[in-house]
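With the sequences and hints as input, model every part of the structure.
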Amino acid sequence: MKSILDGQHLSMIEYLREKYPHLSLNLDNLAKDNLNVLKGTTIIAIKFKDGVVMASDGQATAGYYKVFNDFEKLKQIEKRTIIAIAGSAAISIAICDSMKAEIKKWNRVYSTKLSTEGKVNRLSRILLNNMSLTAAGIVMMPIFATFEIETKKPRIFHFSSDGSYKEQDYCAEGSGGPTAATVIAEHYSKNLNSEKAIEISIRALRAAHNVDAATGENLFVKLIDKDGVLEFTRPDRINKLLSAFNFNNKEEK
Amino acid sequence: MRDISSQIYSPARISKRRKQIKEILSRSIPVAVFSIKDGIVMITKNKRPEPKIFTVHNRVAVGAIGNYEEIQEMRTTLISDSLVIEMMYSPKDVSAEVIAKGLSSLLKDNFYNVLYKPFEIELAIAQVNEKQEEDQIFYVSFDGRITESRIVIVGSEYQKKEENNNSDNGEKDDRSEILKIFDELKSQYSSNLSSLSSQDVLKIIMDMMDKNENEIAGQSTQSAVWEIKLLDRRKLGENEEFEDILTVLG
Numbered sequence: 001m002k003s004i005l006d007g008q009h010l011s012m013i014e015y016l017r018e019k020y021p022h023l024s025l026n027l028d029n030l031a032k033d034n035l036n037v038l039k040g041t042t043i044i045a046i047k048f049k050d051g052v053v054m055a056s057d058g059q060a061t062a063g064y065y066k067v068f069n070d071f072e073k074l075k076q077i078e079k080r081t082i083i084a085i086a087g088s089a090a091i092s093i094a095i096c097d098s099m100k101a102e103i104k105k106w107n108r109v110y111s112t113k114l115s116t117e118g119k120v121n122r123l124s125r126i127l128l129n130n131m132s133l134t135a136a137g138i139v140m141m142p143i144f145a146t147f148e149i150e151t152k153k154p155r156i157f158h159f160s161s162d163g164s165y166k167e168q169d170y171c172a173e174g175s176g177g178p179t180a181a182t183v184i185a186e187h188y189s190k191n192l193n194s195e196k197a198i199e200i201s202i203r204a205l206r207a208a209h210n211v212d213a214a215t216g217e218n219l220f221v222k223l224i225d226k227d228g229v230l231e232f233t234r235p236d237r238i239n240k241l242l243s244a245f246n247f248n249n250k251e252e253k
Numbered sequence: 001m002r003d004i005s006s007q008i009y010s011p012a013r014i015s016k017r018r019k020q021i022k023e024i025l026s027r028s029i030p031v032a033v034f035s036i037k038d039g040i041v042m043i044t045k046n047k048r049p050e051p052k053i054f055t056v057h058n059r060v061a062v063g064a065i066g067n068y069e070e071i072q073e074m075r076t077t078l079i080s081d082s083l084v085i086e087m088m089y090s091p092k093d094v095s096a097e098v099i100a101k102g103l104s105s106l107l108k109d110n111f112y113n114v115l116y117k118p119f120e121i122e123l124a125i126a127q128v129n130e131k132q133e134e135d136q137i138f139y140v141s142f143d144g145r146i147t148e149s150r151i152v153i154v155g156s157e158y159q160k161k162e163e164n165n166n167s168d169n170g171e172k173d174d175r176s177e178i179l180k181i182f183d184e185l186k187s188q189y190s191s192n193l194s195s196l197s198s199q200d201v202l203k204i205i206m207d208m209m210d211k212n213e214n215e216i217a218g219q220s221t222q223s224a225v226w227e228i229k230l231l232d233r234r235k236l237g238e239n240e241e242f243e244d245i246l247t248v249l250g
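Residue numbers (the numbering used here), protein chains in the order written: chain G, 1 to 253; chain L, 1 to 250.
A hint or two may mislead.
Only some residues are given here: those of chain L computed to face chain G with a beta carbon under 10 Å [stated by the list, open to error]:
1) Glu70
2) Thr76
3) Asp81
4) Leu83
5) Glu148
Within a straight-line C-alpha distance of at most 27 Å, the following computed DSS-like cross-link-like pairs (lysine-lysine) qualify [what the hints assert, rightly or not]:
6) G/Lys113 / L/Lys235
7) G/Lys79 / L/Lys92
8) L/Lys235 / G/Lys152
9) G/Lys190 / G/Lys153
10) G/Lys79 / L/Lys108
11) L/Lys235 / G/Lys79
12) G/Lys2 / L/Lys92
13) L/Lys101 / G/Lys75
14) L/Lys37 / G/Lys19
15) G/Lys226 / L/Lys235
16) G/Lys113 / L/Lys47
17) L/Lys37 / L/Lys108
18) G/Lys75 / G/Lys153
19) L/Lys92 / G/Lys19
20) L/Lys16 / G/Lys113
21) G/Lys75 / L/Lys108
22) G/Lys19 / L/Lys117
23) G/Lys19 / L/Lys47
Derived from the structure by calculation, the hints contain no laboratory data.
For each residue, glycine too, the CB sits at the ideal point set by N, CA and C.
In structure tokens form, the structure reads like this:
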């Protein structure tokens, strides 16, 4: 008997595999041992009173080589949802694109919004299906942050590379993650305002940059609230932020 | 890749098919699609809750007539496949032209292959752009014929047979009423409609409705509801990926 999901093709990955096999990803034949893939590093998410602040550094490395200095790791996949990616860049971008397409498809076909739990579970399942690549060192460790417009609540989900996740008030991931998390824990309190949250995230990223070789100097900051996503990615605005919080190198010296 | 079964062709069956599908399409209410200053207006009347006019991709919307179940199935397919193009290439590469050409080959293959069931639907595919001159509106017929023009009225060419006009009076009234309005729209379009704003166009359409209702003197049934939507040019921009720009007018 056919199942009710047969004609629906909810998963874009399965849809590609079935209908357009020549377009779908085929990672089976990769030499999995000596891959020096592009990797991103420190990402941060902090909840504040009415939104989420997300920040990342801009460095992408392959082995000991810094490939990019301004590589953005905050991927907007919906109006009020961002996935921050740490780990292997290519697989992370592919997974973000597929998540974006699946959410858009659900919203358009059924004319209802996919729930936050639905998105999170789906991402978890994609990561779990990706275990063979994870074991070979092609890892994705995302942070999923969203502002739920129905309940007016910001939410942050911290994923591990095998797909398990937990909802948290703040989290940091990547090679500079532990350092950044320590700094956030020191300054974090409930009922932060947005300026304070941005300041903490910049402080944490600076600390991570100081001790971690793979965390770069350039910063990307995004803020999610009820109006959508506000970007602070342009260098002039970031510099303004830095000088406002006395974090410019020159001023420190 | 095309298998050998698509080469099977029977002229007698095909002409019979053509007749049957035209008969089915002549019973459904047409969709008018035209470009104005604020975007692209899509108008029809709908007997069922499922929309006949729907978003396919960020800037692309479709208005369809014919078999409802097939319209809904086609909607899912179009949404999925335009997302596949978006994933494989980029959102900018999903255009009305790409979708219309793919759709044309799909409809044509099913129509001329006597082993398949042909689609009993016809569609208008509209894409709104920053400038009005760049707007694209395609009309794809049930056998895969594509025409592009500034104003498209899907299904207006199929005339209903006059013999059984007593059996389904309500449907016929809806259809003839809307056809009259669309004819008027078409004649006015090139002279003044194209440069007007959406509110003015809505007012003109309302006036036409009132006039027609007076002529028919309250005979028209309430079974079908107006479905008037606008692909809003003013909403194009940074957030077009995440917000539906097809809005309900009036």
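Self-check item: Violations among the numbered hints
Solution: Violated: hints 1, 5, 10, 12, 13, 14, 17, 20, 21, 23.
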